[in-house]
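A.B. asks: In case you want the letters, here they are:
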Amino acid sequence: MQEIKDMVCPFCGCLCDDVTLEIENGEIVATDNCCAIGNAKFLGKNRLKNPIKKVDGKWVDITYDEAIDTAVDILLDADRPLLFGWSGTHGEAQCVGVHMNEILGGVIDSTTSVCHGPSILAIQEVGHPGCTLGQVKNRADLIIYWGCNPIEAHPRHMSRYTTYADGYFLDNAFRNRKVIVVDVRETETSNVADEFIRIKPGGDYAVLSSLRAILRGKGDMIPDSVAGVTKTQLIQVAEMCKTCKFGALFFGVGLTMAKGKYKNVRNAIEFVDDLNRHTKFTLTPMRGHWNVYGANEVMSWMTGYPYAVDFCRGVAFYNPGETTAVDILARKECDACMIVGSDPAAHFPHSCVEQLRDIPMIVIDPFQTMTTTLADLQIPVAVTGIDAEGTAYRMDGVPLKVKKAIDSDYPSDTEILTRIYDIMLEVKGL
Amino acid sequence: MASSIIWYLREFVRGEWISRFFTVKTPPLITPPHFRGFPILTGKECTHCLACMMICPTPNAIEVLRTGDVWNPVIYPGHCVRCGMCVEACPEDVLSTGVILETQKAEHTSYTATFHLTIDPVLCKRCGNCAVACPVNKEIDPYLGGTGTAFSDEVIMRISDGEMRVIHPEKCTGCKTCEKTCPNHAIRVARVVEGLQEAGE
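So the protein sequences, as listed, match chains P and U.
With numbering that gives the first Met the number 0, letter number 17 in the first sequence gets 16, and the count goes up by one each step, no holes.
With numbering that gives the first Met the number 0, letter number 84 in the second sequence gets 83, and the count goes up by one each step, no holes.
FYI, nobody ran anything at the bench for these hints, they're computed from the structure.
C-beta: ideal position from N, C-alpha, C; glycine also.
One should not assume that every hint holds.
What the hints assert, rightly or not - Here are the computed lysine to aspartate or glutamate pairs in the EDC-like style, where the Cα-Cα straight-line distance is at most 16 Å:
#1 P:K40 to U:E10
#2 P:K177 to P:E151
#3 U:K179 to P:D16
#4 U:K124 to P:D140
#5 P:K40 to U:E162
#6 P:K4 to U:D160
#7 U:K124 to U:E91
#8 U:K179 to P:E187
#9 P:K402 to P:E151
Said to hold, decoys possible - Derived Cβ-Cβ restraints for the label pairs, each shown as a range:
#10 U:G194 to P:N175: 29 to 35 Å
#11 P:P348 to U:H184: 44 to 50 Å
#12 U:G194 to P:M0: 45 to 51 Å
#13 U:D92 to P:G201: 54 to 60 Å
#14 U:T117 to P:D68: 16 to 22 Å
#15 P:N190 to U:P120: 54 to 60 Å
#16 U:Q103 to P:V28: 28 to 34 Å
#17 U:Y75 to P:N190: 16 to 22 Å
#18 U:F21 to P:N175: 27 to 33 Å
#19 U:P120 to P:E332: 35 to 41 Å
#20 U:K24 to P:G227: 56 to 62 Å
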């Protein structure tokens, strides 16, 4: 039995880097310090076995070389290829993806466009008053979770980064920190909140605007109830925010994907801006899919845009709503697709999934997913953090070096993508 | 007209009434000794044993907080029902209210308690809230309390082998912090408290 300490969890955007793994006969048999979902991923058994290709509706076993050649053929034959996903893989593979997209003249998009894409649009408009999770842990005495349920999606977020861990500048952090949860329904997180604001679906913008009005001394204009929230509670919450020493607002897709989308997030950022005239306040998106922040970073530094980058004009073009994966698929524009480290079939609208089914689709993923069942070519790879290494970004923008725990015969995403890219260069004579 | 005014004055401005108004004997405005207010600190040193939090029947009514290096219980009046059980349970007489401490001394009464911790693995998300917030864990393994990473196996409970496991239930002081921080009601602290009376001298 071998024990490896300080491993990075490969599941959510918390990137908990304190996991201890027990290895027996080259397999992970147990985890320490990991939450339920991290543990399930480390011990995941439904790995894809070998590359397979669909020929006349039947799966045929093929070698990695054949799989790579097929992938190159599919992508080079396409007029408007879409390279989607990227959040489940490491930064080095994402770099190769961007290079590949440039010579293909296709569209590269990450899962951001269906989660925190609107947050990025808002940040591009009004900036990002953010900080690292360490600052929150050591300083914050007020935590707000808006439209997110960390107990389900980021289980260790509260115990490790925000609420219950001791803070360097706080005497009784775990008892004195106040937690406000804003959601449309009661959740596990609201069970442990000091204040729960239940708003009617789609009422986020109005509630944020009301809180801002109260902060600016214009509370008189607020009606008795805003989106189901009483004026008394709004005044109380505004006072809690104003009088705290250091507040941190975390928000999830409950805010970004509700009615109003990026305008909600813009209002939240401006709310934080208003609060900073009274106290210190920060805002952090709850990035869900493991290295989705890294995908934005990589695309930003390579193309200038964080997601939904279209290279069909030869130069980078970015127009969310037009060049985002869902829109391209819904318009049935895309004629070939490569999915890396994500599961769009489980999360996209029905018409988009139909288009994914109808066009040639390459899936590069370690595990069986709903997308792999619709694929025309499956290329199994190693999992970063288990049998591959690389760089990943935590939800607060901190890059972490992810080690590998075991050796396996699976190639990493970088290896597969580099081989596809090299052949493309050769074919194109570049 | 004049006679009626004089009649009224004679009727209402009686010497007896005026003297009684100024020399009236009302009960003195002092709190009777049997009255129980919110518990107050006696100034004795709190050992952070959390017996007060263990016995408290009301949610969020009492917490043991640290100021610098000193621990002291803090009562939240909006939640406290003034039952006085924390005063009785405290072995160091840190709190006082009414005549509880005197009665307890005179009658030689005390409490003993045992605890039983259970975790429902189906409800538990292994979020670590209970293990990180537990004040006993924080003293045994400050690294766990500060970062959420368990290093020591001496703690009451921690996540190991993919489960939240109770390792040292005997160290539990029954303060119920874990119950309060658990979002799924997966952890339960059963408290068995016995009232004892020693033979008088």
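A.B. asks: Which of the listed hints are not met by the structure?
C.D. replies: 1, 2, 3, 4, 7, 9, 11, 14, 15, 16, 18, 19
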